[in-house]
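K.L.:
Protein chains in written order, with my numbering: chain A, 7 to 336; chain B, 7 to 336.
Be aware that a few hints might be false.
Note that the list lumps identical chains together, so a pair holds whenever it fits in one copy or between two copies.
[Stated by the list, open to error] Heads up, simulated DSSO-like pairs for lysine-lysine below, C-alpha to C-alpha not over 30 Å straight-line:
id: 1; residue 1: LYS122; residue 2: LYS148
id: 2; residue 1: LYS47; residue 2: LYS332
id: 3; residue 1: LYS167; residue 2: LYS273
id: 4; residue 1: LYS273; residue 2: LYS175
id: 5; residue 1: LYS35; residue 2: LYS218
id: 6; residue 1: LYS31; residue 2: LYS111
id: 7; residue 1: LYS332; residue 2: LYS148
id: 8; residue 1: LYS302; residue 2: LYS268
id: 9; residue 1: LYS167; residue 2: LYS259
id: 10; residue 1: LYS302; residue 2: LYS168
id: 11; residue 1: LYS153; residue 2: LYS111
id: 12; residue 1: LYS273; residue 2: LYS181
id: 13; residue 1: LYS148; residue 2: LYS95
id: 14; residue 1: LYS167; residue 2: LYS272
id: 15; residue 1: LYS11; residue 2: LYS268
id: 16; residue 1: LYS150; residue 2: LYS332
id: 17; residue 1: LYS153; residue 2: LYS168
id: 18; residue 1: LYS272; residue 2: LYS31
id: 19; residue 1: LYS35; residue 2: LYS8
id: 20; residue 1: LYS153; residue 2: LYS67
Since the hints were derived computationally from the structure, they do not count as laboratory data.
2 protein chains.
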Amino acid sequence: MKKIKLGIIGTGLAAKNLHLPALYKLSDKFEITAVCNHTEKKGKDFSALVGNVPVYTDYKKMLKEADIDAVDIALPIELNHEVTMAAFKAGKHVFLEKPLAASIKEGKQLLEAERKYNVTALLAENFRYKQVFCSAKELVKKGKIGKVFAFNWNLYYNVTKKNDYAQTKWRQENKYPGGFVLDAGVHNIAAVRYLFGEIDNGTSYIKSINSKIGEYDTMSFSFEMLTGVNGVYNIYFSVKGHWEDQLLIFGTKGTIELCTNKITLKKEDMPDEIYEYNESFGYYEEFTDFYNAITKKKKPFSTFEEGYIDMVVVIDAINYGIANSKGFIP
Amino acid sequence: MKKIKLGIIGTGLAAKNLHLPALYKLSDKFEITAVCNHTEKKGKDFSALVGNVPVYTDYKKMLKEADIDAVDIALPIELNHEVTMAAFKAGKHVFLEKPLAASIKEGKQLLEAERKYNVTALLAENFRYKQVFCSAKELVKKGKIGKVFAFNWNLYYNVTKKNDYAQTKWRQENKYPGGFVLDAGVHNIAAVRYLFGEIDNGTSYIKSINSKIGEYDTMSFSFEMLTGVNGVYNIYFSVKGHWEDQLLIFGTKGTIELCTNKITLKKEDMPDEIYEYNESFGYYEEFTDFYNAITKKKKPFSTFEEGYIDMVVVIDAINYGIANSKGFIP
Chain A
7 MKKIKLGIIG TGLAAKNLHL PALYKLSDKF EITAVCNHTE KKGKDFSALV GNVPVYTDYK
67 KMLKEADIDA VDIALPIELN HEVTMAAFKA GKHVFLEKPL AASIKEGKQL LEAERKYNVT
127 ALLAENFRYK QVFCSAKELV KKGKIGKVFA FNWNLYYNVT KKNDYAQTKW RQENKYPGGF
187 VLDAGVHNIA AVRYLFGEID NGTSYIKSIN SKIGEYDTMS FSFEMLTGVN GVYNIYFSVK
247 GHWEDQLLIF GTKGTIELCT NKITLKKEDM PDEIYEYNES FGYYEEFTDF YNAITKKKKP
307 FSTFEEGYID MVVVIDAINY GIANSKGFIP
Chain B
7 MKKIKLGIIG TGLAAKNLHL PALYKLSDKF EITAVCNHTE KKGKDFSALV GNVPVYTDYK
67 KMLKEADIDA VDIALPIELN HEVTMAAFKA GKHVFLEKPL AASIKEGKQL LEAERKYNVT
127 ALLAENFRYK QVFCSAKELV KKGKIGKVFA FNWNLYYNVT KKNDYAQTKW RQENKYPGGF
187 VLDAGVHNIA AVRYLFGEID NGTSYIKSIN SKIGEYDTMS FSFEMLTGVN GVYNIYFSVK
247 GHWEDQLLIF GTKGTIELCT NKITLKKEDM PDEIYEYNES FGYYEEFTDF YNAITKKKKP
307 FSTFEEGYID MVVVIDAINY GIANSKGFIP
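Next comes chain A alone, as it looks inside the complex:
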């Protein structure tokens, strides 16, 4: 079986903590043959973890010279457009860490480019590959909670400057709308769309409580799906003393409580059914899908189109919130 020769562009937190563990497990499918970081030392440190492959500080040079079939792009969001365009032009398959782009305009251009070039493009949205959402969807499909009429997702967390991700300068001085609300929010919206279909209309309130971690950290988004199902999504990243990641799905015959990687199926007068998926964050499945898409010349499950809609929904919600809110700053 021929391995995909993969170049890593951007060797920061996502590449090291999220992608690399999955790629180690998939060493029969991927071979990392080049890495790129604009800071040479960072590139070399990463290269040392993967067999001392060639290190580039200029991604253009890497695209031109390195022995690679595909690239894994894990960069500050505002660089996604430029680097992905260059990779397409160089005929490389692209595995692009979410969100798709720093603006709707750039996202649209990436969609158009993807159609033009005959390469595989996967938007790396791991929530689209997490087993817990797949199982929740199955339970709903099987009618376990009857007909879904509403859901409520609360994501309450205290992101401080001590947080690894919040320490990255490009997140603190975000060159894309919404800060953490966009960066993290696309995950949940991807899962919402995967589970319940498309959003029809909605309203939101948005705030900045701790400006040190980026432009906005607090958004409450209320919406209605095309099906009439009602959703509330609260993404509050400056909550003190209370951690919560809970999606409640309300059906006419029962409720699904989904907390990170655990599902509790609840019904009247019945013992709860519990399903746990402690190992799955979706990265392994993401790269497996990327491999299959390339080798079988088919669309990956998480396309640029899907990622584009995720980001449009979140940016629309952010913009609605900005126009709608008093912009309370304590």
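Once you've looked at the hints, dock chain B against the given chain A.
P.N.:
Leaving out everything else, chain B in the frame of chain A:
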């Protein structure tokens, strides 16, 4: 100390289960001297509990003939206007079970009448007297959680036809907007206004999942206070297998978790502080306030004005939701 002579108009669930236990404890302040129910047997049954006082089937006759200073009106909502007006005209002090009236128009007329007649009028909204809210307000005022920036109140419950309140015909065939959403919703909005001040703007979605328990049973209301604080209030009364009554108050230094009669004060890196108020539903405090208002000729804490604003907020939210929602019916 002179006792207030009290006539009970309407001897149903509220009078028997909510008011009577408080009045027993306040027998030094109130003496029930007459009861009224349009079904004589129901009136007699209640009268037997309070010393076999005179029973009336016509409230007008009671207002004219009975030896009473004040009335406790606990009737189907659509009768509040007519009976309260008559009580005012008869010069009786009025203790009126919430919500104030069946429409904004009738509510307004009651406000005007209250100003005209020189009697005490208390809108019996027990949430305005519950110790748990008073304590939460104190904790916020003391700065225990810093500056409040948002709150989220989830009320998830399965009201079936087996529920005592849902069995009352006037609730099933509600002659006031919103059904259970109005009847129960004014409680939470009263507490929200008590804790956080006035609501500036908001949006909502509303649904009927189980039409057997009244017109609407499911509403999600998102709003912003005058202060810029953001609130979400989900009142879902056809939730299966998941019971929840949780108000989370988010501050810049901590979070208050308020579940029915229990407060948990949560901060980063500190043990939780727990406060419980198992005995307080506010009815005792309500009648005590009514007594003090009458005897000291002062306004009660829960005025008709407050109750009017509570009902206007909920009716506005209901009407917004009706116009805004697809009206999904499974």
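K.L.:
Find the hints from earlier in the document that the structure breaks and name them by number, from lowest to highest.
P.N.:
The structure breaks hints 1, 2, 5, 6, 8, 10, 11, 12, 13, 15, 18 and 20; every other hint is satisfied.
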